[in-house]
Structure formats: structure tokens, C-alpha cells
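Quick note: the sequence shown, position 207, residue 206 per numbering that gives the first Met the number 0, numbers continuous.
I should point out that these hints are in silico values taken from the structure, not numbers from a laboratory. Any given hint might turn out to be false.
Label pairs and their calculated CB-CB ranges [unchecked claim]:
#  : residue 1 : residue 2 : range
1  : G246      : R217      : 23 to 29 Å
2  : V31       : L143      : 30 to 36 Å
3  : R174      : G132      : 32 to 38 Å
4  : T182      : T106      : 24 to 30 Å
5  : M101      : F205      : 44 to 50 Å
6  : A45       : M92       : 14 to 20 Å
7  : L197      : N108      : 50 to 56 Å
8  : S88       : L241      : 39 to 45 Å
9  : E5        : V31       : 36 to 42 Å
10 : E104      : V186      : 32 to 38 Å
11 : L197      : V53       : 47 to 53 Å
12 : E209      : S88       : 38 to 44 Å
13 : F205      : N108      : 35 to 41 Å
Remember, predicted model here, so these are calculated numbers, not experimental data. Note that the Cβ used here is the ideal one computed from N, Cα and C, for glycine as well.
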Amino acid sequence: MSETVEEHGAKCTRMLGVQALAYVVFIVVALVFSAMRGPMDGVSSASVAVVAVVVLAVFHVCWPFRAGMADRIIGAVAGVLSLACVSTSFGSMVVPANDAIMSNELTRNTYPMLRWAAAVAGLLVLLTVVAFGRQMAREERSHLIRALSHCVTGGAASISLGGWVFLPYVVAVGRHAGATAGTTKFVALIVVMVVVALVLAYASVFWCRELDAADNAREPWVGVALLPVMLFGLVVFAAALLIQIVGW
């Protein structure tokens, strides 16, 4: 049964509301724990990682694509590995710290970003290979391109989610910028991040309109709402990396 214009508008409104709520939760958690424990305290990053795990779980429960359970599991595992690499010592196995890295101030300061970036690159390659192999293993290969793209898109968003763990780095610079001459640069950075979030929100309205989830999907519009939030993790990562490189 097709939706009326009013029903579709109401669904998009709910979708944008959930999306805004997810952003608010990430930001509030980072600010609160940073105020309590300090922006660079491990608890701040861990608290953001916990929120990311919840978002990852909700996204895969409310899967917005036409893909099987195996495709959802592939994406979920990729997301968990990404979060493990950014928030635990597991990431050090990907790019082990050595004297060459630690003796240089820039590479030392950007080491957490470096190891996660390497993990993301590896996970994206692995995701593509596994997703393609999964489709080739199907007896019925109808809608092959659609199924492959849906699996890769969901997995890539899950991997990107880990970038939110770098939000305390951005918060730390915000606190420091208030007492230095870096306020203008920090405000400009935040403005750019907000613009990107708005562009993703605008795109999600079209995604919601073209939503083609499975017939038995649970509230797939929630998955659409979380998709831009997860992808925004790359923006948070880029902001944290820029801050370290520029040296604010």
C-alpha cells in the first residue's frame, strides 16, 4: 500500500527528529564526560564509543536496505572491528607504535588517527571482498548489483561510525580555543561540520523517499535516520586530524 503525501511527510519528520537526537546524544555525552573527567581522559572516548555501539545495534536492527541477515552480520562485524581499533589497544596491532613514530611530534600526536585510518582502509577492502564473495555464493543471483551495493553501503557506514570516538579531541580544542586566539578558526571548523551535517540531512530526506527496505524490516526509516550520523564519523575524524596537523 503506497503512502500518501501526508504520511510520507510525517515519516520524514520523524526520521529527521531521530537523526537530530542521535547527534545531540553524541555531543552531550562528549561534553559531559569531558567536563567531568577532562577531554583527553580515556573515559570520555569510552563513553562516546558506548553511544556508537548503541547506534550500530539500532541501525542493524532497523536495517534500511534489501539485504539478507548475512549482509547485516558482515556490516555489524565490520563496525565492531572499527570501534575496537579506535577505542582499544586492538588498533595498535594494525599500526604498531615504534621509535620512528614516537620520536616525531606530528606522527606522535596523530598516531591514534593514523592507526584508525589504516584499519578503515583495511576493513573497507575486506568488506568489499567478503561482500562480493557472499553474492557469488548465492544460488539465486538476482539483483546482484543492488544486493552488493546495499551490503557495502551498510558496512561502510558501520565502519565510519568509529570516527565519532575522536569527538573528545575536538572538544579539547574548543576548550583551549576559548582562552587563546584560536577561537575564530575553531568556530569556522564547527560551521563547516554543521554544513556537512545539514547536507547529509537533506540527502537523507531523498533516501527516505526512495526507501526500499525488505517487507519484514523493522522501522527501516530509523536506519535511514542513523545512516548520515554514522557517515558523519568520518567528518569528526577529519576535524580531529586537521586540528592535530595545524597544531591548534
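Legend entry - Structure versus earlier hints - violations, ascending order: Those not satisfied are hints 1, 2, 3, 7, 8, 10, 11.
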